[in-house]
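Colleague: Sequence:
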Amino acid sequence: MTAPDTDPVERANFDEDDLTGERLDRRRFSGCTFRAAVAVELTTQGCVFDRCDFSTADLSGSQHTASAFTNCRFDMANLSTARFTECKLTGSELAGAKLLGVEITGGEWSLVNLRGCQLSGRDLRGVRLRGAELVEADLRSCDLRNADLTDARLHNAQLKGADLRGAIVDGTALQDLDLHGVRLDLAQAVLVAKGLGAMID
1 MTAPDTDPVE RANFDEDDLT GERLDRRRFS GCTFRAAVAV ELTTQGCVFD RCDFSTADLS
61 GSQHTASAFT NCRFDMANLS TARFTECKLT GSELAGAKLL GVEITGGEWS LVNLRGCQLS
121 GRDLRGVRLR GAELVEADLR SCDLRNADLT DARLHNAQLK GADLRGAIVD GTALQDLDLH
181 GVRLDLAQAV LVAKGLGAMI D
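First residue of the sequence shown? That's 1 in the working numbering, and the numbers climb one at a time after it.
Treat the hints with care, since some could be wrong.
Said to hold, decoys possible - Simulated restraints on C-beta separations:
no., residue 1, residue 2, range
1, 75, 123, 23 to 29 angstroms
2, 23, 190, 18 to 24 angstroms
3, 75, 166, 41 to 47 angstroms
4, 10, 186, 25 to 31 angstroms
5, 173, 23, 25 to 31 angstroms
6, 36, 170, 23 to 29 angstroms
7, 7, 71, 38 to 44 angstroms
8, 11, 196, 47 to 53 angstroms
Simulated from the structure, these hints should not be mistaken for laboratory data. Small disclaimer: the values here were computed from a predicted structure and weren't measured. All C-beta atoms in this analysis are idealised placements derived from N, C-alpha and C, irrespective of residue type, glycine included.
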């Protein structure tokens, strides 16, 4: 991800603005508010949004490539069918956001709050979710192969049909989860057995 080459926009108010179909290239926004903005099919490329508030904004159908949304808020935002390709969302709050059909390809989603979010069937291969809040999230039939789930919180997450093969699960208490119908690799299965008190020879 390359650094934006324009002066940052700081603490600007874009609340309720119509950004439908706009394209933003290599722009930086810091501490700005986009509350209730209409940004349907917005496209960003190499942009940085730091500590911005997108609460209740409509970002449905938006497309983001190599952009960063760090420590941002998306409370009750509509991200249906949005596409994030190799994006960074470290520390952002997405609990309560509408994520129907969202597409996530790679990227850095560490420390993101996805508590209770509907992500069933999503392809999350290779996504970094270190320390992410996934408590009570719906991850049924998710493809999490090779994802980084180090220290992720998965208490009461729904995982039936999920594929965790190759995922990094250090610090994640798999033995405390309902793993019915979950695909694990051999190393993960051994980890679960040890967590349940088994002695592996």
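Colleague: For this structure, which hints from the list above don't hold up?
Modeller: 2, 3, 4, 5, 6 and 7
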